[in-house]
Amino acid sequence: MTIRQLSVFLENKTGHLNEILAVLAIHNINIIALTVADSSDYGILRAIVSEPEKALEALRTEHFTVRVHDILSLEMPAKPGSMSHILDLFTAADICIEYVYAFSFGSKSILMLRTDNGEKALEVIKTNGLKSISEAELK
Amino acid sequence: MSRQNMRILQSERLKQLVQQVYDNVAFYRRRMDEMGVKPSDIQSIDDIVKLPFTYKNDLRDHYPFGLFAVPMKDIVRIHASSGTTGKPTTVGYTQNDIENWREVLARCLSMAGISSSDIMQVSYGYGLFTGGLGVHYGAETIGATVIPVSGGNTRRQLQLMADYGSTVLACTPSYALHLAEALAENAYSLADLKLKIGVFGAEPWTENMRLELEKKWSIKAYDIYGLSEIMGPGVANDCECHTGLHIHEDHFFPEIVHPDTKQPMPDGEEGELVFTTLTKEGIPLLRYNTRDLSTLNRSTCECGRTTVRMKKITGRSDDMLIIRGVNLFPSQIEHVLLEMGETSAHYMLYVDKINNLDTLELKVELDEANMMETIRDLQNLSKKIEHALNSAIGLSVKVTLVEPKTIARSEGKAVRVIDNRKK
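Which chain is which? The protein sequence lines are A and B, in order.
Under our numbering, the residue at position 75 of the first sequence is numbered 970, and the numbers go up by one with no gaps.
Under our numbering, the residue at position 323 of the second sequence is numbered 394, and the numbers go up by one with no gaps.
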């Protein structure tokens, strides 16, 4: 129901994003999905990678501030309106989305979600029979 | 020694000192003549208030050897301050001065519980700076095993500490913090070390920082105070009670004076710390104003020592920043950060003038335990620090979180402020 996501603190400096990517490349870690949230001074890089533990160690060693968080992961039917339908269900349950991103893996469409109420979100997923996706399915 | 006997000793030594500088140092003879004070006017330690003050500029004006009271053939050692602005302030020691220095340092180290069975890693810089050699001689006097590694080369510091089983570390508090953080990166843990005591000094630091270093290293940390003009490290040191630093007042007589009027202030009131070198031969100084802010306490310490204690130095009057008319010491920022405990203690304060208004920006390193998942949570953390600083210092500060290891580390004295207003 959840997937481990890396969150890396990222100062706004030229070439800095690539320093993180280079560390992952050297350690032969594959990036499955990546998104950057930004503010005027810094950003947070969020990434789903092939080996989260290994990536965490490698980035720590290079002095990056990095944490691993468990994030809700859902598989969506690959057709118009499917993401909107899922978000409708959350809105109806009065759950606020803190951040969201989506990506394709092979033929699958995947939605990553952080809400302000994890327990309630799980209930919505269960009650409505939404299909979650595991790390194993992303290998 | 009882306070009465101490006063008798100090009075005797002051009389000799005044005669010695009047006879041998043209600068003091001129000053005293201008003030109409003769050596015979000085009959007891209480007469010290009749004597002229000495300032750092007086040493610079008489660079390099103009204030020496003995011929160069009697000087056996030269030291000098870092001299970030202008000429280095230069001091000379006779053989007796070196012996007295050893003596006061040995007292300091004993006060910190160090003995001949200790292995002492001296990571103060060796050379013109008094830190390294001063502590070195004191440690040899008490018979400890000295490792004269000097400052810098963090990796080797840790390797020697582990391999030689150092039980004492002597360096600046900022370098001790840096070394502690470097432990894990270099694959060492506290279990690999035998360290039990830290003797830290040469820069102003807070009690919170002392506690932080005790925790990080799992040691007892002591504050050693000194300045090259007076002797170097060893002027004062705190005992296990940590209720002020015991001054070796048989050698260094302290006074507190008002920062503006330079009038003597009563015990317990804060002002500028002034020292007279009662026994120094090479460069004896009358009423040298250190610009360090402190208070004096002449009550008997819980440890049993009767020597006068000075409050731990957390700022000097020339470190003080005036921001929009408000006095600010960098140590106040350190105090707030350590008390909150939500970031590392590595920070840099940037002062600027924008549209004729002083602005403060604090860059502080974010550590892993406080890495948040959303920008909003990180912004809340900065706001929380801004709020805490605002209530503590009464100034608004923009707080910017930065990545670990991006604020320059110091291997000697820490630089905590970049003031761009002076340009």
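Quick caveat, the hints were computed from the structure, so don't treat them as lab data.
There could be a bad hint or two in this list.
Straight-line distance between alpha carbons at most 27 Å, and here's what the computed DSSO-like set of lysine-lysine pairs gives [said to hold, decoys possible]:
no.: 1; chain 1: B; residue 1: Lys454; chain 2: B; residue 2: Lys424
no.: 2; chain 1: B; residue 1: Lys382; chain 2: B; residue 2: Lys484
no.: 3; chain 1: A; residue 1: Lys1015; chain 2: B; residue 2: Lys434
no.: 4; chain 1: A; residue 1: Lys1021; chain 2: B; residue 2: Lys476
no.: 5; chain 1: B; residue 1: Lys476; chain 2: A; residue 2: Lys908
no.: 6; chain 1: B; residue 1: Lys382; chain 2: A; residue 2: Lys908
Structure-based check of each hint:
For the hint linking Lys454 (chain B) to Lys424 (chain B), the alpha-carbon distance of about 22 Å falls within 27 Å, and the restraint holds. Pair hint Lys382 (chain B) plus Lys484 (chain B) holds up; C-alpha atoms about 20 Å apart against a cutoff of 27 Å. About 38 Å separates the Cα atoms of Lys1015 (chain A) and Lys434 (chain B), which puts this hinted pair outside 27 Å; it is violated. About 44 Å separates the Cα atoms of Lys1021 (chain A) and Lys476 (chain B), which puts this hinted pair outside 27 Å; it is violated.
Pair hint Lys476 (chain B) plus Lys908 (chain A) holds up; C-alpha atoms about 15 Å apart against a cutoff of 27 Å. Between Lys382 (chain B) and Lys908 (chain A), the direct Cα distance comes to roughly 43 Å. Violation of the 27 Å bound is thereby established for this hinted pair.
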